[in-house]
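**Q** These are the residues of each chain, in order.
There are 2 protein chains.
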Amino acid sequence: MEKRDMPKNTFALKGVICYSQTPSRLAIEPDGYVVCEGQKSAGVFSGLPAQYAGIDCLDTGGCLIFPGFTDLHLHAPQYAVRGLGMDMELLDWLHTYIFPEEAKYRDLAYAQKAYSLFAEALLKSATTRACIFATLHVPATLLLMELLEQTGLITLVGKVNMDRNAVPNLQEPDAQSAAKTTVSWIRESLCRFKNVKPILTPRFIPSCSDALMQSLKKIQRAYRLPLQSHLSENTEEVEWVRRLCPDAPGYAHAYDRFGLFGTPDCPTLMAHCVHCSDEEIALLQKRGVYVVHCSQSNTNLASGIAPVRRYLDAGIPMGLGSDMAAGAHLSMFRVMADSIQTSKLYWNLADRSAKPLTVEEVFYLATMGGGSFFGKTGSFAEGYAFDAVIVDDSGLTHPQPLTARQRLERLLYLGQDKHVVGKYVNGQKVL
Amino acid sequence: MEKRDMPKNTFALKGVICYSQTPSRLAIEPDGYVVCEGQKSAGVFSGLPAQYAGIDCLDTGGCLIFPGFTDLHLHAPQYAVRGLGMDMELLDWLHTYIFPEEAKYRDLAYAQKAYSLFAEALLKSATTRACIFATLHVPATLLLMELLEQTGLITLVGKVNMDRNAVPNLQEPDAQSAAKTTVSWIRESLCRFKNVKPILTPRFIPSCSDALMQSLKKIQRAYRLPLQSHLSENTEEVEWVRRLCPDAPGYAHAYDRFGLFGTPDCPTLMAHCVHCSDEEIALLQKRGVYVVHCSQSNTNLASGIAPVRRYLDAGIPMGLGSDMAAGAHLSMFRVMADSIQTSKLYWNLADRSAKPLTVEEVFYLATMGGGSFFGKTGSFAEGYAFDAVIVDDSGLTHPQPLTARQRLERLLYLGQDKHVVGKYVNGQKVL
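Chains as they are written, first to last, in the working numbering: chain A, 892 to 1322; chain B, 892 to 1322.
Next up, chain A with everything else stripped away, as it sits in the complex:
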């Protein structure tokens, strides 16, 4: 009788269930069930409750089952150059390697080839949701959105805005035409895609004129879109912003003066936040802006290490980003380990009061922390979106018994996308 009331898509996964309850509390059900009803989790159970008797149940044979990871910051066109050109700091790196690469996406045939590889890699990873920079080109961005739509992953994709200080073949001609193009891209993508939505994406302050930022605010008001950008990544960049915006007390304020630094209905992501001043941190907190911690990127471009303990202590919303391709790896396992590792070096070299991140904390950041940007996402607690990954770590050989917590810790260091053997998004199997 009760079964008749259950939504159509009701099933269970059986295995070692791990999910966060708070930033420091990880729940583990070593031989448990997580139940999906429709698109949502109905909770985790040590034994299957009577009302679910007879539902489909996939016994994973002791695999680990996590909420899917959220990658809050990555550049799809840069997947093609991952692991290349790692010998410069941000501004030289952009001009020497990245802008010439992104300029290639004017060519749809190149975009098709490159974005297909990226979409396939993202599908095979443990990531279920992501916030993604494309390039400034509308056709290639729509193509990327189409390819991502087909994966079943939930993504926010931004056509990049940049109308100054770039290179002639990768720059919008002026603010007015940039705004017009952006609106037509938003309209097109809002009606075409179900899993992929547009996100406003001014590249960063140095790339965007005041007129463009003003237009983006108008567009945000009209379409209520979230926004993603970069903040205080590199000291030269911070100095450049100071020169470009002499009236703004800080880099964060250079966004805020346009109303583009967090509003209640249009949440904002700021990648990096390595060199934020006290005033900027206060503003992040006041506006509820998400910090995206991109540990490997900040290492590869020698930007520094973000004060993540401070952000956590201040209750600033935070998630993790691979920042492909300043970070060379899409894998959120690697992103989590990198975050722990650099937090140890920060403690050692910069601030002995900043306790390194724990396994529990980075797992939280990669699931609930970043997932909250998408709403009730990133946990298996009842009512959360049913995003799940099944991980078979049996290829990581060992001679001794391991606890579930040990298997999870080990995966952060040794896990690879090949260990992902199943993936669900909003209750739908995508892998």
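No wet-lab data here; the hints were simulated from the structure.
Check before you lean on any hint, since a few could be wrong.
Note that the list lumps identical chains together, so a pair holds whenever it fits in one copy or between two copies.
[Unchecked claim] Below, computed lysine to aspartate or glutamate pairings styled on DMTMM-like, alpha-carbon distance capped at 20 Å:
id, residue 1, residue 2
1, Lys1246, Asp978
2, Lys1246, Glu980
3, Lys1309, Asp1283
4, Lys1320, Glu1040
5, Lys1246, Asp983
6, Lys1246, Glu1127
7, Lys1320, Glu1011
Because the structure is a prediction, the values reported are computed rather than measured.
Fit chain B to the given chain A structure using the hints.
**A** Structure of chain B alone, referenced to chain A:
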């Protein structure tokens, strides 16, 4: 006619040949041949010279071909706990996780299981030579040596000496019995193995009494063995050594006063060297002691970052170590990338005059730099031992043409052992 004069084992590999010529100079022959005569390289050629016409030639179809990597510092028994227990600093980590794990190697059945996994993993990696810590147990150490012998890799393996400050079930009873056991292990292993040789291995100063160190010097004189140990890894450890050896001006001197810090015929390896004083650095230089840079280990145990640019500038011999399992990865690709990455953070956070390491430099350190501990090893220049790895990176998809240099850089960041499709040691195919 000329062919008749060539050694029996003469063959060529054809592909993209990369090898170091100096610390900063990488030679690349994009469609070349490296020729093996007997156990040695006869050099690299853009076309196969006439005198080699008709020899066996393996065309790898555009694979990358490198000299095999040398891992100068790793702990075989810790492979079983890689990626686990990464939440403590050195001394607590040893007592909480490592000593209890190493104590298990008293049980030969456990050692068989664990060391078999380790030896198989090392064989499949891009490493051709390694300096390895075992445990204090002779039977398990001989078993490890036997398993490594079968791989065909060239290794130096140390039965660990430790007669104080450990835990009751992982400590030699006293200096005298430790010395006696060590001699019998050396005798046994010197006559039993061809590819594997013993290396003296006092764990570190805190674990070894003065009497034990004196005995090890006598043993070294008798058998002319190299020595490996740890130096100045962690600040608490350095402070402990200061208290244990109040008469030694520094940690390095605590080895040197026993004559165990580098002699012309018995070279010495010191892992870490993160916190060396100016006096210790002068002594490293004077004695020609090898520094083994273990970047990931120093990150995971929050030890800090070694001043590698200073060691390079001072001409101190140096190589790289995975330091399994304070480092979670055996792969020397990862070890190279980690070394670049932490050198950038060192530049950013500790010393703006310390230029970060380059791809060329870490490749040199992983091949010729560390290889020189084994003699003329780690290059394809004529006369070097023919250790070679063939790497198929075609699984690392990309939409654009890449140069050989780009493929090499990318491998540092994205390379995995699965990309190794062939391996030779001293001219013999081992994989």
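**Q** Using 20 Å as the alpha carbon limit, work out where Lys1246 and Glu1127 are close: within a copy, between copies, both or neither.
**A** between (28 Å within a copy, 17 Å between copies)
**Q** How would you classify Lys1320 and Glu1040 at a CA-CA limit of 20 Å: within, between, both, or neither?
**A** Classified as within: same-chain Cα gap 14 Å, cross-chain 47 Å, threshold 20 Å.
**Q** At 20 Å max between alpha carbons, let me know whether Lys1246 reaches Asp983 within a copy, between copies, both or neither.
**A** between (33 Å within a copy, 16 Å between copies)
**Q** Given identical chains, is Lys1320 near Glu1011, meaning Cα to Cα at most 20 Å, within a copy, between copies, both, or neither?
**A** So Lys1320 and Glu1011 pass the 20 Å test inside one copy only (15 Å; across, 36 Å).
**Q** For Lys1309 and Asp1283, with the copy left unspecified, which applies at a CA distance of at most 20 Å: within, between, both, or neither?
**A** Classified as both; 9 Å inside a copy, 18 Å across copies.
**Q** Given identical chains, is Lys1246 near Glu980, meaning Cα to Cα at most 20 Å, within a copy, between copies, both, or neither?
**A** Answer is between; shortest inter-copy Cα gap is 13 Å, intra-copy 27 Å.
**Q** Tell me, please, which holds for Lys1246 and Asp978 at an alpha-carbon limit of 20 Å: within, between, both or neither?
**A** So Lys1246 and Asp978 pass the 20 Å test across copies only (11 Å; inside, 30 Å).
Every hint from the earlier list agrees with this structure, and none is contradicted.
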